[in-house]
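Participant: First to last, the protein sequences are chains A and B.
Taking our numbering, the leading residue of the first sequence gets 5, the next gets one more, and so forth.
Taking our numbering, the leading residue of the second sequence gets 2, the next gets one more, and so forth.
Bear in mind the hints are in silico, worked out from the structure with no lab data behind them.
We treat Cβ as the ideally placed atom computed from N, Cα and C, and that holds for glycine.
Wrong hints could be hidden among the right ones.
What the hints assert, rightly or not - The calculated DSSO-like cross-link candidates involving lysine-lysine, where the alpha carbons are at most 30 Å apart (straight line), are:
hint, chain 1, residue 1, chain 2, residue 2
1, A, 61, B, 42
2, A, 211, B, 185
3, B, 236, B, 116
4, A, 33, B, 31
5, B, 31, A, 61
6, A, 211, A, 33
7, A, 182, A, 246
8, B, 42, A, 182
9, A, 61, B, 185
10, A, 209, A, 195
11, B, 31, A, 211
12, B, 42, A, 234
13, A, 211, B, 107
14, B, 107, A, 228
15, B, 190, B, 42
16, B, 190, A, 242
17, B, 62, B, 185
18, A, 61, B, 236
19, A, 234, B, 140
20, A, 33, B, 116
21, B, 236, A, 228
22, B, 107, A, 234
23, A, 228, A, 209
24, A, 211, A, 186
25, B, 140, A, 228
26, B, 116, A, 61
27, B, 116, B, 185
What the hints assert, rightly or not - Per label pair, the in silico range of CB-to-CB distance:
hint, chain 1, residue 1, chain 2, residue 2, range
28, A, 94, B, 97, 19 to 25 Å
29, B, 244, A, 37, 54 to 60 Å
30, B, 88, A, 212, 51 to 57 Å
As the list claims (entries may be wrong) - So, partial list: chain A residues that the calculated Cβ filter (under 10 Å) puts toward chain B:
hint, residue
31, 13
32, 21
33, 26
34, 32
35, 33
36, 61
37, 90
38, 129
39, 130
40, 149
Residues per chain, in single letters:
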Amino acid sequence: MTSIGTGYDLSNSVFSPDGRNFQVEYASKAVENGGTSIGLRVKDGVILAVEKLVTSKLLVPQSNRRIESVDRHAGIVFSGLIPDGRHFVSRARQEASSWRGTYESPISVSTLADRMGGYAQAYTLYSSVRPFGITAIIGGVDENGPQLYMIEPSGSYWGYHGAATGKGRQAAKSEIEKLDLKELTLREAIKHAAKIIAVAHEDSKDKEFELEMTWVGLEETGGKHVPVPKELVEEAEKWAKKEIEGDDDEEDEKMEE
Amino acid sequence: MFRNSYDNDSVTFSPQGRIFQVEYALEAIKQGSAAVGLVSKTHAVLVALKRNAEELGSYQKKIIGIDSHFGIALAGLAPDARVLSNFMRQQAMSSRLLYNRPIAIKRVVDSIAEKAQVNTQHYGRRPYGVGLLVAGVDKAGPHLWEFQPSGMVLEYKGAAIGARSQSARTYLERNFEEFENVDKDELIKHGLQALRDSLAQDKELTSANTSIAVVGVGEDFVLYDGDSVQVWLDKLGETRSSRRRAEEEPATTEATTTETTTETTTEGAAGSSTEGQTGPGGPAGPLDPAGENMDTTE
């Protein structure tokens, strides 16, 4: 790596001669080591899902949640340094709550993403702080329907139909690209979300993981961001497992041909 | 002086995306003596091994009650733990004052997690150098959380932190499935058995160096120190680590065991701990009366 030893990578808010901010790039490296997170924006809502690596069997299953609500209509999932993510979420809650205080209406998801993008960007400006070691996916519904945004450590953000970040993002992205997101419903999409996370986990198969999934639907959940019911998650996981085994068989057949 | 150029402060990422200052803070926990926590359906238990800086000195407090429904065990820098426990007390009190209800364990744990995270992102601060086990009971039942200086908090069925805690963790991993349905006394016994396995070669559990705390559904948080601990040590019977027993029992005449691991006490004063217990190869059964009668600071 050309950055090391130049001295331009030792402090935040310092440009290298070719115009890069290495500390921000290193923050992205922290993201790349975290469990995979995805967001799917479909016809009638948004799904957020995360691959939670189980580091000890003494952990309480289903506790230690990673996807959090920011307001009634929006949630955030993130990959990277978990404590950074928690702080980020808490700031997002403040933004959502202060919006309600001022305008007596829920904050739109695009505004929330814009505010949080600005917040993340501020942490790239000063040598007295470090950038956030997370990439966050914000999903929700507002007057414009289902919305999905992804914010990077640099503070830049884009809107997405399907977003993925974390260790297995490449596999997850190519899996998302196979879907016709505009036509899918939430009920169908939870199965695909389970499969995408399972596929993204393939590379670290020796470690166990727990699938955590939330959704916010126009009709399905009455516009509220809530966890996907346990039975549906289990059903989706079962379906995903079968699908992946099926895919493997197909590949084997092709190999034989 | 520094190991590399990326570990001077907590606002610098390494090229791999690591923050070394935070990782070093996690090491500070291992300098402290062990603490173990575990939960059943009805109770949450904390047990901890106390150290004294010198034979005639008092033992450093390891378990702190926060509110009547929860408390903490610490490993690492004790002053940092006191700052955090004071903060938790404030949180707990304001919950009672504002909402007239005991604070949920997750809420109070999240509040210190957020506090700790800020110290890892701003220049001029340092991460806390202490790990905590927070055990308590709320509306949803008994809970055990582990807190780390990184701001990471995780809920466990059983957890161990501090020096040699891996041995205690191994015990917990082998036995945690039983914990759920055992009664209070049995749960404490499991805790002591786990703690016992984390002991150094020449140490054993005594009423002077062991702290026990219990909280249950409908039962307030109680801390047992000093003589009140003896009841449970009697129930436990064997107070040496299983590793040492395995080594000592087959051979009747064993050479003096040389302890190679050097310990530095982080909590308590500096220097290696010389505790008033039976030395290497000493008698197994009766406890050293000097150690037993030593009063604690609680």
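Participant: With the threshold set at 30 Å, check whether the alpha-carbon distance from residue 33 of chain A to residue 31 of chain B stays at or below it.
Facilitator: holds, 27 Å
Participant: Has the given pair, residue 211 of chain A with residue 33 of chain A, been kept, meaning a C-alpha gap of at most 30 Å?
Facilitator: Since the Cα atoms of residue 211 of chain A and residue 33 of chain A sit roughly 21 Å apart, the hinted pair holds (cutoff 30 Å).
Participant: Quickly compare the C-alpha distance for residue 236 of chain B and residue 228 of chain A to 30 Å and report which way the hint goes.
Facilitator: violated, 53 Å
Participant: Hey, residue 190 of chain B versus residue 42 of chain B, does the alpha-carbon distance stay inside 30 Å?
Facilitator: At roughly 16 Å apart (the allowed maximum being 30 Å), residue 42 of chain B and residue 190 of chain B satisfy the hint.
Participant: For the pair supplied as a hint, residue 42 of chain B and residue 182 of chain A, is the alpha-carbon distance within the 30 Å limit?
Facilitator: violated, 46 Å
Participant: Hinted pair, alpha-carbon criterion (30 Å max): residue 190 of chain B, residue 242 of chain A. Please report holds or violated.
Facilitator: It is violated: about 40 Å lies between the C-alpha atoms, which goes past 30 Å.
Participant: Have a go at the residue 32 of chain A hint: is there a Cβ in chain B nearer than 10 Å to its own Cβ?
Facilitator: holds, 7 Å
Participant: Straight-line Cα separation of residue 107 of chain B and residue 228 of chain A no greater than 30 Å?
Facilitator: holds, 23 Å
Participant: Does the closest beta carbon of chain B sit nearer than 10 Å to the beta carbon of residue 130 of chain A?
Facilitator: holds, 8 Å
Participant: At a threshold of 10 Å, is the proposed contact between residue 13 of chain A and chain B supported by beta-carbon distances?
Facilitator: holds, 7 Å
Participant: A closest beta-carbon separation below 10 Å is what the hint needs, so does residue 90 of chain A meet it against chain B?
Facilitator: At 6 Å from the nearest chain B Cβ, residue 90 of chain A passes the 10 Å test, so the hint holds.
Participant: Just to be careful, I want the Cα atoms of residue 234 of chain A and residue 140 of chain B compared with a cutoff of 30 Å; is the pair within it?
Facilitator: The hint holds at about 22 Å.
When each numbered hint is compared with the structure, violations occur for hints 2, 3, 8, 16, 21, 23, 24, 27, 29, 30, 32, 38 and 40.
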